[in-house]
Every structure is written in C-alpha cells, then in structure tokens.
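A.B. asks: Fit chain C to the supplied structure of chain E, relying on the hints for placement.
Protein chains: 2
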Amino acid sequence: MGEIIKGKPVADAISEVLTAEVNDLKGKGITPKLAIVRVGAKGSDIAYEKGALKRCSSIGIETEVKEYPEDIAQDAFIEELKKINQDKTVNGILIFRPFPKQLDEEVIKYVIAAEKDVDCFSPINVAKLMEGDKTGFAPCTPTAVIEILKHYNVNMKGANAAVIGRSMVVGKPVSMLLLNENATVTICHSRTKNMPEVTSKADILVVGVGKAKMVTADYVKEGAVVIDVGINVDEQGNLCGDVDTEACVGKASMITPVPAGVGSVTTSILAKHVVAACKMQNNL
Amino acid sequence: MGEIIKGKPVADAISEVLTAEVNDLKGKGITPKLAIVRVGAKGSDIAYEKGALKRCSSIGIETEVKEYPEDIAQDAFIEELKKINQDKTVNGILIFRPFPKQLDEEVIKYVIAAEKDVDCFSPINVAKLMEGDKTGFAPCTPTAVIEILKHYNVNMKGANAAVIGRSMVVGKPVSMLLLNENATVTICHSRTKNMPEVTSKADILVVGVGKAKMVTADYVKEGAVVIDVGINVDEQGNLCGDVDTEACVGKASMITPVPAGVGSVTTSILAKHVVAACKMQNNL
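Those sequence lines, one after another, are chains E and C.
Our numbering puts the first residue of the first sequence at 376, with every later residue one more than the last.
Our numbering puts the first residue of the second sequence at 376, with every later residue one more than the last.
For the record, the hints were derived by calculation from the structure and aren't laboratory data.
Some hints could be false.
The list cannot tell twin chains apart, which means a pair is met if one copy fits it or any two copies do.
With a straight-line Cα cutoff of 27 Å, these simulated DSS-like cross-link-like pairs (lysine-lysine) come out [claimed, not checked]:
{"#": "1", "residue 1": "K476", "residue 2": "K458"}
{"#": "2", "residue 1": "K568", "residue 2": "K525"}
{"#": "3", "residue 1": "K568", "residue 2": "K509"}
{"#": "4", "residue 1": "K476", "residue 2": "K509"}
{"#": "5", "residue 1": "K525", "residue 2": "K596"}
{"#": "6", "residue 1": "K458", "residue 2": "K441"}
{"#": "7", "residue 1": "K586", "residue 2": "K381"}
{"#": "8", "residue 1": "K463", "residue 2": "K476"}
{"#": "9", "residue 1": "K568", "residue 2": "K586"}
{"#": "10", "residue 1": "K457", "residue 2": "K484"}
{"#": "11", "residue 1": "K429", "residue 2": "K525"}
{"#": "12", "residue 1": "K568", "residue 2": "K626"}
{"#": "13", "residue 1": "K425", "residue 2": "K381"}
Bound-form chain E, shown alone (with noise of 0.2 Å):
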C-alpha cells in the first residue's frame, strides 16, 4: 500500500524558510511585497487570492490586490500594469488569467517586468524555464511538483520520469523542471499511442490534464511516485484529480491526494518567488 503524501507538511515547510527569510530582510528595512492583479472577480480567482494572502501574511509578506473592472479596455490595464512594474514597493505581481476577451494576453504578456513576474507569464520567463536559467521565475504550480518531490526524498536523478499533458501550465513546464534535476522526461498526451504501456515504465509520474480520474492502476509502475495536478469535479459533485487515487493507491510508493496535494503548494511557492524576486531586486 502506497503512501498518501499530502502538500501541508512541504508549504509548511518551506513557509517556515520564508517566514526567517522575510525577518532577516525586514532587519535590512526590507519588506517583500505581491501584488495581485485581477480584472473582474472569478470565483476560482478570488478563492487562490484568499489563499494567497493567507500564506504571505502568516509568512510576513505585505500584499496589495489591485481589482479591475470586468470591462477594462486594454490600453487602461496596460497602463495600471506599468504603474505596478514602476512602483519600487512592489517585488512580486501575480496576474490572473485567462483574461475578458477585449484583453488580448499575447500583448499583455509583453508588459509585465519580467524581474517581478512571479508566476512566469512574460515570455521572458518562459524563455529562461525552457533554457534552465534558474534566474527565472518558472510558474508555481510545477514548481510545486518538484517541490514536493524534493521534500519527501523521491531520488529524480537518472529516473525515468513521464509527465501527461502538454500545456504551458503543467506539462511542458514541468518536463523543463524534471529534465533540470536530471530526470529522463517523456511527455505523454492525447495522441500518445498505449499511454498506459508507456507511463507504466515510469519511477515519477506527473499528471495535469485535466480529466477526472482518468489515471487507473495500469498506468502505475509497481512502486512508483504519481504526482497528481488535476483538479476536477467528479460525478458526485466531489473535488477528485486525473488520477482514480484509490485504484492507484496499492501500486504507487507514493500518491499525492486531491484536494490536499499539489494545490495546497502552490501559495507557498508563489511566495517564495516574491522573497527571491525580492532578494534580486535588492541585489542581495
């Protein structure tokens, strides 16, 4: 029987490296700062923000959430995004997206400061996560895979890791990261032929596709980690992910559960990225 290994105990752990971080700044006359940028008010937006402000707060982050109307035209939003790039207070800008369709985000993209874009939404950013260039910020979620991976010991170097999904939220960034800690990467998805055949040869697996438990037990190496990145609702109504846990749970060394799992890392992520982002700008 595999092991659950839940988020808490990894954003609790690096919260706590934060929490000492942001106080040796804060003797330095420092304090690390997010702004969270939001146009309209989404209800799966507002429940990461309260999320999000939780975290930072506990950890001594200062936040500023800027709230825009759901009509902004694009020159306006523009403009507020180069006043928030300018303004010396703010380390860290969280944007969230997708965006009302008068705000065309292959030109918004473009305007963010890349020194504060925490969650890797200029091109900038993503061009450093593809090259390895850890002086980028790649986006949270992945990262928190990695982190999770980190904290409960899960050897990645020379593993065969296999990642299903392509997107730019999950699956290709998190490929760059696990290719990054030496891991072997295969990048399973829609067209992959006998997907099962192939993630069953996987010590790691990530999945984010976004598809209720579509992740049965013959996709499980006897003994491997499954990293679980979806978030879906099932036919009950429940909160599962991509991968059925409980079919799963007997073949995996170690399975991340939903809710409770990846989700819970990502704040604490975020907020690492504003104390670096932070750290950078002051050249320290």
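C.D. replies: Leaving out everything else, chain C in the frame of chain E:
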C-alpha cells in the same frame, strides 16, 4: 538493410518552393534579405556563411555580411545590431555564436529584433518555440530534423520519439518541435540510466550530443528512423556523426548520414525563415 536518407533532396525541395515564392515577392517589388552578423573570422562560421550565401543567392534572397572585429566592444556591437534591426531592407538576421568573451550573449540576445531573428536567438522566439507558437522562428538545425522526417514521409503523430541530448541548440528545441507534430517524446541525456533500453523503444531517434559514434546498434529499435545531428571528427580524422552509421544501418529503416545529412538542410531552413520573415513584415 535501412535506407540512407540524404539531406540534399530535402534541401532541393525546399529551395524549389522558396524560389517560386521569392519570384512572386519580386513581382510585388519585394526582395527578401538576410543580414549575416559575424564577429571575427572563425573557420566554421565562414564555412557555414559560404553555404548560406550560396543557398540564398540560388533562391534569389539578397544577403549582406556584417563582419566586426574580434575585439569589438559590447556597446559598439549593440549599436550596430540596433541599426540592422531598424534597417527596413533587412528581413532576417543570423548572428554567429558563441561570441568572443567581451560580448555577453545574455545581454545581446535581448537586443535582436524578434521578428528578424531567423535562428531563435531572442528569448521571445525561445518562448514561442516552447509554446508551439508558429509566428516565431525555431532554430534552423532542429527545424531541419522535422523537415527531413516530413520529406521522407515519416509518421510523427503518435510515434514514440526519443531525443538524445538536451541542449538549447538541438535537444530541447527538437523535442518541442516533435511534440508539436504529436509525437510522444522522451528526452535522454548524460544522466539517463540504461539509455539503450530507453532509446531502443523509439520509432524515431534523434541524436545531438557531439560524441562521435556514440549510438550503436543496441540503441536502435528494429525499423526505427534515425536522425543524426552530430558533427564530429573520428580517430582517423574523418567527419562523422553521433551515430555509428555502419553499425546501425542494418537495424534502422532510415538513417541520415554525416556528412550530407541534417547539415545539408539547415541553410534551406534559414532561407525559408528569411522568406517567412519578409512576408510577415510585409503583412503577406
């Protein structure tokens, strides 16, 4: 016995299409132009330049070589590059790298205009490559790999592809391009354990590591297509690839030679990118 698939027929086919396109453009009063930027006069740069000039000339693309002294200062070089960015007669820019050490690639890569950056030096094009955004320019060599596979009617969709090497020059970009073609992609590298076991499951094997004849028959699946991106000099002083072609040709269904393989296709990809850049810049 597998077929040795050469680069020349691929390059010729691409050139033929481009020649017609350039004729069309000239009919509209537009002549595509490539600027080649070279610092110093390294033999390998000059050899590639010679091939590029010949290819462009045969297609009808104008060229201009900008040679700068080996000891040019960074500021002066950046000023020159900005002038080329602004020169409306220039549609594509190829810059030879690596630079002499007074020039910081990490600074200069942000200077080249992304829309003229036909060999993926700019982080904007790196990000587009990772995103699968076809308005960008992928690097010429990995693109040549894909064009060879297409030319020889190799099915990539749903195929298991293995890439040996994770450089930004070959491995990572070719992995992203294979993913765009809907292959299931496994990225192997120096830390991969039991590499032959991994790669011998691949229908398509792409090798770009720079180790003479590293890939022997045990790396190759019976009937696989093998693309050799390496260019090395063997113990006898002859050019050779990363693949031991003689040892593998019996097992592969198709295999590219070195020389006369991938390397023969890159300048036609360069020309293709210049024509594409020219069309985009003219809103065609």
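A.B. asks: Which hint numbers does the structure go against, in order from smallest to largest?
C.D. replies: Hint check: 8 fails alone, others pass.
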